[in-house]
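Student: Here is what each chain is made of, one letter per residue.
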Amino acid sequence: GNSVTQMEGPVTLSEEAFLTINCTYTATGYPSLFWYVQYPGEGLQLLLKATKADDKGSNKGFEATYRKETTSFHLEKGSVQVSDSAVYFCALKRLRGSQGNLIFGKGTKLSVKP
Amino acid sequence: ETGVTQSPTHLIKTRGQQVTLRCSSQSGHNTVSWYQQALGQGPQFIFQYYREEENGRGNFPPRFSGLQFPNYSSELNVNALELDDSALYLCASSPGQGGYGYTFGSGTRLTVV
Numbered sequence: 003g004n005s006v007t008q009m010e011g012p013v014t015l016s017e018e019a020f021l022t023i024n025c026t027y028t029a030t031g032y033p034s035l036f037w038y039v040q041y042p043g044e045g046l047q048l049l050l051k052a053t054k055a056d057d058k059g060s061n062k063g064f065e066a067t068y069r070k071e072t073t074s075f076h077l078e079k080g081s082v083q084v085s086d087s088a089v090y091f092c093a094l095k096r097l098r099g100s101q102g103n104l105i106f107g108k109g110t111k112l113s114v115k116p
Numbered sequence: 002e003t004g005v006t007q008s009p010t011h012l013i014k015t016r017g018q019q020v021t022l023r024c025s026s027q028s029g030h031n032t033v034s035w036y037q038q039a040l041g042q043g044p045q046f047i048f049q050y051y052r053e054e055e056n057g058r059g060n061f062p063p064r065f066s067g068l069q070f071p072n073y074s075s076e077l078n079v080n081a082l083e084l085d086d087s088a089l090y091l092c093a094s095s096p097g098q099g100g101y102g103y104t105f106g107s108g109t110r111l112t113v114v
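Quick note, the sequences are listed as chains A and B, same order. Going by the numbering used here, the first sequence opens with residue 3, and the numbers climb by one from there. Going by the numbering used here, the second sequence opens with residue 2, and the numbers climb by one from there.
Hint data in this document are derived by calculation from the structure and do not stem from the laboratory. This structure is a prediction, so every number in the text was calculated from the model and none was measured. Heads up, some of the hints might be wrong.
Facing chain A, from chain B, some residues (calculated, C-beta under 7 Å) [stated by the list, open to error]:
no., residue
1, PRO44
2, PHE46
3, GLY57
We treat Cβ as the ideally placed atom computed from N, Cα and C, and that holds for glycine.
Model the full assembly from the supplied sequences, consistent with the hints where possible.
Tutor: See below:
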């Protein structure tokens, strides 16, 4: 079936460190891929997305490239800030008929220390 | 432009009771989806409503049901509550059925005791 696996956290980094959060997926067909972020006490916010192989999604300094050959969509940021502390979810979307529900990974908690 | 509003923010129910959660979709959005997020887990798709009809459902039993109203707001009803139903329930609206352009609400934290 369709599923998303992401690295377990928590991940603790110092400010300005390089961030990588690994995400791999299993899916039939050609899904779209997403990273969502959840700040404490809030809902999910779309961080970036990619809809086809080799696409690179980017936003707020975060990047992820859709790698079909390795079925991966790793999240990276060159220099994290304390304000990036949150839980990050990798997700895929498949279309079945007219439905487009998201399938999420378990989430990776990131803590950035000053 | 208002976002997605969910109510209540928190509630506590007893096992066996019934609960109704509410969601107001973002202006211009006609599709509402509900997700269950257990503690430490990613959200899981419950169902989706488009033009007042359910048009997609995840692996949840029939005691999870919903409604969508003409103004596109929605309700999630859960009957015969079980302890495992304790979770954050997220509503997301989107401008179409395809699942793009989701806007999530902040959720309702349900605790079943």
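Student: Run the structure past the numbered hints and jot down the numbers of the failing ones, going up.
Tutor: Structure breaks no hint.
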